[in-house]
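Asker: Taking UniProt numbering, the leading residue of the sequence shown gets 1, the next gets one more, and so forth.
Please keep in mind that the hints were generated in silico from the structure rather than gathered at the bench. Just so you know, not all the hints are guaranteed correct.
To be verified - Cross-link-like lysine-lysine pairs, in silico, DSS-like; alpha carbons within 27 Å at most:
1) K116 with K82
2) K26 with K210
3) K209 with K174
4) K38 with K26
5) K174 with K210
6) K199 with K127
7) K159 with K177
8) K26 with K209
9) K199 with K209
10) K127 with K38
11) K38 with K112
12) K127 with K210
13) K116 with K127
14) K210 with K177
15) K209 with K159
16) K199 with K210
17) K159 with K187
18) K82 with K112
19) K209 with K177
20) K177 with K127
21) K187 with K127
Stated by the list, open to error - Label pairs and their calculated CB-CB ranges:
22) R104 with K53: 41 to 51 Å
23) R226 with V178: 19 to 29 Å
24) K210 with E165: 17 to 27 Å
25) L171 with R104: 30 to 40 Å
26) V169 with R238: 20 to 30 Å
Being a predicted model, the structure only gives us computed values, none of them experimental. Glycine residues also receive a C-beta, built at the ideal position from the N, C-alpha and C atoms.
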Amino acid sequence: MTKDSNKSNKGEKPETTKADSLRLQKFIAEAGLCSRRKAEEWITEGQVTVNGKVAQLGMRANPNDDNVRVNGRQVRPRILEKVSLIMHKPRGFACTNDDPHAERIVFDLLPKPYAKHRLFCAGRLDKDSEGLLVITDDGALAHRLTHPSSEVTKVYALKLSRPLEPDHVPLLEKGRKVEGEFLRIDKVLPAKSNKRLPKRVEVEMGHGKKREIRRLFATFGYTVERLQRVNIGRFSIRNLSLGQVRELTQAEIDLLFA
1 MTKDSNKSNK
11 GEKPETTKAD
21 SLRLQKFIAE
31 AGLCSRRKAE
41 EWITEGQVTV
51 NGKVAQLGMR
61 ANPNDDNVRV
71 NGRQVRPRIL
81 EKVSLIMHKP
91 RGFACTNDDP
101 HAERIVFDLL
111 PKPYAKHRLF
121 CAGRLDKDSE
131 GLLVITDDGA
141 LAHRLTHPSS
151 EVTKVYALKL
161 SRPLEPDHVP
171 LLEKGRKVEG
181 EFLRIDKVLP
191 AKSNKRLPKR
201 VEVEMGHGKK
211 REIRRLFATF
221 GYTVERLQRV
231 NIGRFSIRNL
241 SLGQVRELTQ
251 AEIDLLFA
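Modelling step: build the complete structure from the supplied sequences, incorporating the hints.
Answerer: This is the structure:
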């Protein structure tokens, strides 16, 4: 092969890379046809073709080069600018967009203009909890925010069923196995008004497992009667009223990691 043959001809498409392509189920989901899970079902059932050939799970497709069809209909992902929102989540709302049994979900609180985005929660709060919640369609931001290696500290304000016993603080920070899963509080901080309200306590977490705080406190005989996430990084809940949702600026996103 000559040196000149390595050069692209004028008008020729540049070579695409894996970074330009999407997993096929994501490609279909971002076209607005369905969820990724449903797209996987369609692929498994042979309803999807790529460049005329029946697709298989694990395949990738490039929006610029590949012809993707579902039951003969060509689909293209919608190219939208990434958006990230911050919400002061009220109690009683589930952090899901695919649970038909959830009566109320956080996405019901979003302004209509955001309906065109395929948003998800970056670090969930359970239905009975409240506080700061990041909602985004930026997968890289969500991964960075939730991965333990990023060391993004979240602070939670708790109301317990009884005053916290001092001897339990080091044990909560040491952690223990609960139903085969190791649970631990990074740091236990008495709430500022602890003398007047001894059932109040704050905890810091740089990680998070499903209902970890509630489950761990329960093993020491406490019921967490109220759980509110008050900080993510240096971003404080003081900036938001209950139920308020607004778009994050880049400066505010930086605060999440400060």
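Asker: For the range 20 to 30 Å, tell me whether the beta carbons of V169 and R238 fit it or not.
Answerer: At roughly 26 Å between Cβ atoms, R238 and V169 fall inside 20 to 30 Å, so the hint holds.
Asker: Within a Cα-Cα threshold of 27 Å, do K159 and K177 meet the stated pairing?
Answerer: holds (23 Å)
Asker: Quickly compare the C-alpha distance for K116 and K82 to 27 Å and report which way the hint goes.
Answerer: holds (11 Å)
Asker: Holds or violated: are the alpha carbons of K199 and K127 at most 27 Å from each other?
Answerer: holds (22 Å)
Asker: Can you confirm whether the C-alpha distance between K209 and K174 stays at or below 27 Å?
Answerer: holds (16 Å)
Asker: Below or equal to 27 Å on CA atoms is what counts here, so check K177 against K127.
Answerer: Roughly 24 Å between the alpha carbons, so the hint for K177 and K127 holds.
Asker: Regarding the pair K127 and K210, is the alpha-carbon distance no greater than 27 Å?
Answerer: holds (12 Å)
Asker: Quickly compare the C-alpha distance for K26 and K209 to 27 Å and report which way the hint goes.
Answerer: Holds: K26 and K209 sit about 25 Å apart, inside 27 Å.
Asker: Does the structure keep K38 and K112 at a Cα separation of 27 Å or less?
Answerer: holds (24 Å)
Asker: Please work out if K199 and K209 have their alpha carbons no farther apart than 27 Å.
Answerer: With a Cα-Cα distance of about 23 Å, the restraint between K199 and K209 holds, given a limit of 27 Å.
Asker: Given the hinted pair K209 and K177, is their Cα-Cα distance within 27 Å?
Answerer: Measuring from Cα to Cα gives roughly 13 Å; hence the hint holds.
Asker: With 41 to 51 Å as the target window, see if R104 and K53 comply at their CB atoms.
Answerer: holds (43 Å)
In summary, this structure violates none of the numbered hints.
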